[in-house]
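A.B. asks: Position 229, counted from 1, in the sequence shown is what full-length UniProt numbering calls 229; the numbers after and before it change by one each time, with no gaps.
Check each hint, because a few of them may be wrong.
[Claimed, not checked] EDC-like cross-link-like pairs, simulated, lysine to aspartate or glutamate; straight-line CA separation at most 20 Å: (1) LYS104 x GLU74; (2) LYS164 x GLU153; (3) LYS206 x GLU163; (4) LYS230 x GLU200; (5) LYS230 x ASP193; (6) LYS127 x GLU174; (7) LYS81 x ASP60; (8) LYS81 x GLU91; (9) LYS321 x GLU44; (10) LYS127 x GLU170; (11) LYS108 x ASP96; (12) LYS150 x ASP193; (13) LYS206 x ASP224; (14) LYS253 x ASP303; (15) LYS104 x GLU92; (16) LYS147 x ASP193.
No lab work stands behind these hints: they were computed from the structure.
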Amino acid sequence: MKITETNRHELNRRDFLKGSALGGLTAGILGGPFLPNLDAAKEEFQLNYILNSAMYGYTDVGTIIGEVHKTGTEYIDIWPKVHGNQREQAEEMGHDAFRELLKKHDVKLGVVTCYVQGPFRLAGEMKFANSIAGPGTVLVTASGGPKDLKGTELKSAMRNFVEKMKPHVEEAEEFGCTIAIENHANALLHSPDSIRWFGEMTTSEKLGSDRLGVALAPHHLPQDGELIGKIAYDLGSGVAFFYAQQHGMGSSKKLPKEQEMLQMPGRGDLDFTPILAALKKHQYQGFTEIFMHPVPRGVPILDSSSAITDAINESRMYLNKCLTQI
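Construct all of the structure, not just a fragment, from the sequences and the given hints.
C.D. replies: Here is the structure:
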């Protein structure tokens with residue numbers, strides 16, 4: 001059962017995953033060979049949630065920080081324009097004041113989103129993240145082009161990209177950051193094949209560091225939960241960040257709000273269960289971020305901060321229900 005405006009307030013009372021599609025998952029991620037220690041891990045595995053500031057548009061960063069604990073986490077992901085402007089707000093108030101604001105609300109900076117900088121200009125954001133939170137933060141960005149490559153051309157381009165990332169990974173080591181590259185549309189890292197090559201080329205044995213990984217984004221992949229689960233399983237510890245966002249009806253053109261919200265977990269058709277099963281198999285401890293894109297960018301996804309927080313919690317409940325089915 002999907003989350004809709006007519007049933008969303010009933011989620012606390014209904015086991016809306018009753019009769020889910022798990023019966024069809026007789027092989028692959030949910031099969032015995034993939035999860036031999038499932039019973040032992042079942043009670044201990046939980047998703048490590050983080051709140052995305054851009055969900056609230058250009059809302060005051062202090063207001064958003066005040067919502068963090070309400071969403072089942074103590075971590076915030078700070079976004080810059082155009083999706084949000086909380087990164088700019090942190091600069092305007094000054095790093096000391098921003099640090100104190102986080103401390104006042106007992107909130108930690110977990111992620112700095114860096115699509116503006118791209119993968120090769122992250123040093124400034126590494127310094128910012130380290131100055132605010134110390135080691136342990138994640139910087140999320142995209143690979144950039146070239147796009148639409150296939151076969152040996154794709155493999156060669158990915159090898160070149162990973163090679164170019166080495167000095168930036170060394171910087172990440174110094175600052176205690178992890179760089180997470182999202183599989184994003186119109187980018188080198190986009191398709192399942194590109195993710196596979198990237199994962200193979202960035203294992204710690206080859207790269208010499210675990211500071212570079214994938215920001216796994218189902219939104220930009222075929223909407224097949226078992227396929228995405230297989231990608232997550234194959235990446236293993238190479239998953240450095242997880243966007244809990246599906247494609248729904250897309251995010252490039254203005255849609256009625258109910259259709260736009262289909263990007264949220266539990267509202268669209270994507271079954272997240274096999275994806276979470278793969279993450280659980282590897283005891284994934286990185287951040288999980290419930291997310292969607294509004295149109296236009298930079299506006300809150302709903303009319304009030306409390307409504308946004310409620311929508312995030314509805315999707316969080318859905319994901320947690322999925323975990324109980326594994």
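A.B. asks: Does the alpha-carbon distance linking LYS230 and ASP193 stay inside the 20 Å limit?
C.D. replies: With Cα atoms ~12 Å apart, LYS230 and ASP193 stay inside 20 Å; holds.
A.B. asks: Starting from LYS230, check that the Cα of GLU200 is at most 20 Å away, please.
C.D. replies: holds (14 Å)
A.B. asks: Checking one constraint from the list: CA of LYS81 to CA of ASP60, max 20 Å. Satisfied?
C.D. replies: Roughly 13 Å separates the two Cα atoms, so the pair holds.
A.B. asks: Is it true that the CA of LYS150 sits at most 20 Å from the CA of ASP193?
C.D. replies: holds (8 Å)
A.B. asks: Keeping to a limit of 20 Å between CA atoms, is the pair of LYS127 and GLU170 held or broken?
C.D. replies: Holds. LYS127 to GLU170 sits at ~13 Å (cutoff 20 Å).
A.B. asks: Quickly compare the C-alpha distance for LYS108 and ASP96 to 20 Å and report which way the hint goes.
C.D. replies: Holds: LYS108 and ASP96 sit about 14 Å apart, inside 20 Å.
A.B. asks: For the pair supplied as a hint, LYS206 and GLU163, is the alpha-carbon distance within the 20 Å limit?
C.D. replies: Given that 20 Å is the threshold and the Cα spacing comes to 11 Å, the pair holds.
A.B. asks: When you check the alpha-carbon spacing of LYS206 and ASP224, does it fall within 20 Å?
C.D. replies: Judged against 20 Å, a Cα distance of about 30 Å means the pair is violated.
A.B. asks: Compare the distance between the alpha carbons of LYS253 and ASP303 with 20 Å, and conclude whether the hinted pair is satisfied.
C.D. replies: holds (19 Å)
A.B. asks: Would the hint linking LYS321 and GLU44 be met if the CA-CA limit is 20 Å?
C.D. replies: holds (15 Å)
A.B. asks: Take the C-alpha atoms of LYS147 and ASP193, compute the straight-line distance between them, and say whether it is at most 20 Å.
C.D. replies: holds (13 Å)
A.B. asks: Please work out if LYS127 and GLU174 have their alpha carbons no farther apart than 20 Å.
C.D. replies: The hint holds at about 10 Å.
In summary, the one numbered hint that this structure violates is 13.
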